[in-house]
Amino acid sequence: MEKASASHGLARTGMSSTEDSNCSSTPASDFSSKGPYKHDQSPARMVDHEDFLTRPDIRGDDEEEIEAEERRRRVKVSLYKQFRRDIREPLSEMLGSALLIIIGDGAVAQALLSNYQMGNEVTINLCFGFGLTMGYLTAITGGAAGHLNPAITLTNCIFRGFPWWKLPIYVLAQVVGCGVGAACVFGIYRNAITAYDGGQRQVTGPLRTAGIYCTYPVSFLDLPGRAMQEFFATIVLVFFVNAIACQSSPHLPYKLPVEWNLVRALVLGLSLYGIGASLGWQTGYAINPARDFGPRLVSYMAGYGREVFTTAGHYFWIPIVMPCVGAITGQLLFDFMVYEGEHDNFVTNPEVAVKRLKENVVGSKKRSEADIEMRGY
1 MEKASASHGL
11 ARTGMSSTED
21 SNCSSTPASD
31 FSSKGPYKHD
41 QSPARMVDHE
51 DFLTRPDIRG
61 DDEEEIEAEE
71 RRRRVKVSLY
81 KQFRRDIREP
91 LSEMLGSALL
101 IIIGDGAVAQ
111 ALLSNYQMGN
121 EVTINLCFGF
131 GLTMGYLTAI
141 TGGAAGHLNP
151 AITLTNCIFR
161 GFPWWKLPIY
171 VLAQVVGCGV
181 GAACVFGIYR
191 NAITAYDGGQ
201 RQVTGPLRTA
211 GIYCTYPVSF
221 LDLPGRAMQE
231 FFATIVLVFF
241 VNAIACQSSP
251 HLPYKLPVEW
261 NLVRALVLGL
271 SLYGIGASLG
281 WQTGYAINPA
291 RDFGPRLVSY
301 MAGYGREVFT
311 TAGHYFWIPI
321 VMPCVGAITG
331 QLLFDFMVYE
341 GEHDNFVTNP
351 EVAVKRLKEN
361 VVGSKKRSEA
371 DIEMRGY
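Those letters in the sequence shown? Residues 1 to 377, by the UniProt record's numbering.
The reader is advised that the hints may include incorrect statements.
To be verified - Straight line, CA to CA, 20 Å or less: simulated SDA-like cross-link-like pairs of lysine to any residue:
| no. | residue 1 | residue 2 |
| --- | --- | --- |
| 1 | Lys358 | Arg160 |
| 2 | Lys76 | Leu95 |
| 3 | Lys76 | Arg88 |
| 4 | Lys76 | Ile66 |
| 5 | Lys76 | Ile87 |
| 6 | Lys81 | Glu63 |
| 7 | Lys355 | Cys157 |
| 8 | Lys355 | Glu121 |
| 9 | Lys76 | Glu64 |
| 10 | Lys358 | Trp164 |
| 11 | Lys355 | Trp164 |
| 12 | Lys81 | Arg71 |
| 13 | Lys358 | Gly161 |
| 14 | Lys355 | Ile158 |
| 15 | Lys81 | Trp164 |
| 16 | Lys81 | Glu64 |
| 17 | Lys81 | Glu65 |
| 18 | Lys358 | Ile66 |
Hints were generated in silico from the structure; no laboratory data involved.
Take the sequences, apply the hints, and build the full model.
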């Protein structure tokens, strides 16, 4: 009677006793989706996927070699990404500096070599301003500060907490970038320069072309006048740069959002145009050591010789030294008269500034939180 009742129950569920026996004897792991051998009912072959990757006793030599190769590939990719992150900032600063010179010196070359038929002082000043705009945008897009000027980088180290260990890196990137830009201009206009001067590279004289690359003063200006011209023009530049940068200060009743970098860049370019149009005639308004020294080195190597350093009473040092002195002076004046921001310095808060200066000079190579957040590591 019990057997009949059981058979009757199986019949109602639509299953035979044979099927029931088969179901009860099937291992539960056979229906699992785990493991590379999920269709094999052999217990020795039913392993977890994680065990398959980590236990060498259940893998063959081919699998181990594949995994080792994959690990090597990942290490290479990781090192490459790290290398790109490390060089991205200085390379962006270098590229921005190069664009400044390509556009600016290119305008000088086009105007001079065409006997001012294809350009003049207005187009030259406009192109230097536009070159600064695009150079700045390019640099900040790559994560750089967009200084494009060693004097500006120096003042940011002294007054704005920019890391001192970055100073030589930025200066080198700016000088090399400006040199690369001048080399590009020479390569593009080499035939035109030769047609203009007959192959005789001249720093002085009626067919001089050295002024394409770097700055030279007018002949009537004496040494103090040359130094004062660069000194004062750089002070004005620093005022403009600070006025633009401080528009995002939380202490202002209004502020320009940081996202409006295009507006900042355009105003910065217009500022340089204004300096060139008003203070640029007597010395060529270098106001940037890298902008003058890098292209001057290129002109020396391009065949203009030592005269690029000795002419005008060894004028070459003035565009290097005086912009730095002018930038520091301008920053002192601006901070004393105008600045009220988040960066304390020895003008706004001497005690805090001295402490931070010691930390930067002695301690130093620790990255700031902002720098780590920007880089992502």
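Tested hints:
{"no.": "1", "hint": "Lys358 <-> Arg160", "in the structure": "holds (14 Å)"}
{"no.": "2", "hint": "Lys76 <-> Leu95", "in the structure": "violated (26 Å)"}
{"no.": "3", "hint": "Lys76 <-> Arg88", "in the structure": "holds (18 Å)"}
{"no.": "4", "hint": "Lys76 <-> Ile66", "in the structure": "holds (15 Å)"}
{"no.": "5", "hint": "Lys76 <-> Ile87", "in the structure": "holds (17 Å)"}
{"no.": "6", "hint": "Lys81 <-> Glu63", "in the structure": "violated (27 Å)"}
{"no.": "7", "hint": "Lys355 <-> Cys157", "in the structure": "holds (14 Å)"}
{"no.": "8", "hint": "Lys355 <-> Glu121", "in the structure": "violated (47 Å)"}
{"no.": "9", "hint": "Lys76 <-> Glu64", "in the structure": "holds (19 Å)"}
{"no.": "10", "hint": "Lys358 <-> Trp164", "in the structure": "holds (11 Å)"}
{"no.": "11", "hint": "Lys355 <-> Trp164", "in the structure": "holds (14 Å)"}
{"no.": "12", "hint": "Lys81 <-> Arg71", "in the structure": "holds (15 Å)"}
{"no.": "13", "hint": "Lys358 <-> Gly161", "in the structure": "holds (12 Å)"}
{"no.": "14", "hint": "Lys355 <-> Ile158", "in the structure": "holds (12 Å)"}
{"no.": "15", "hint": "Lys81 <-> Trp164", "in the structure": "violated (25 Å)"}
{"no.": "16", "hint": "Lys81 <-> Glu64", "in the structure": "violated (26 Å)"}
{"no.": "17", "hint": "Lys81 <-> Glu65", "in the structure": "violated (24 Å)"}
{"no.": "18", "hint": "Lys358 <-> Ile66", "in the structure": "violated (52 Å)"}
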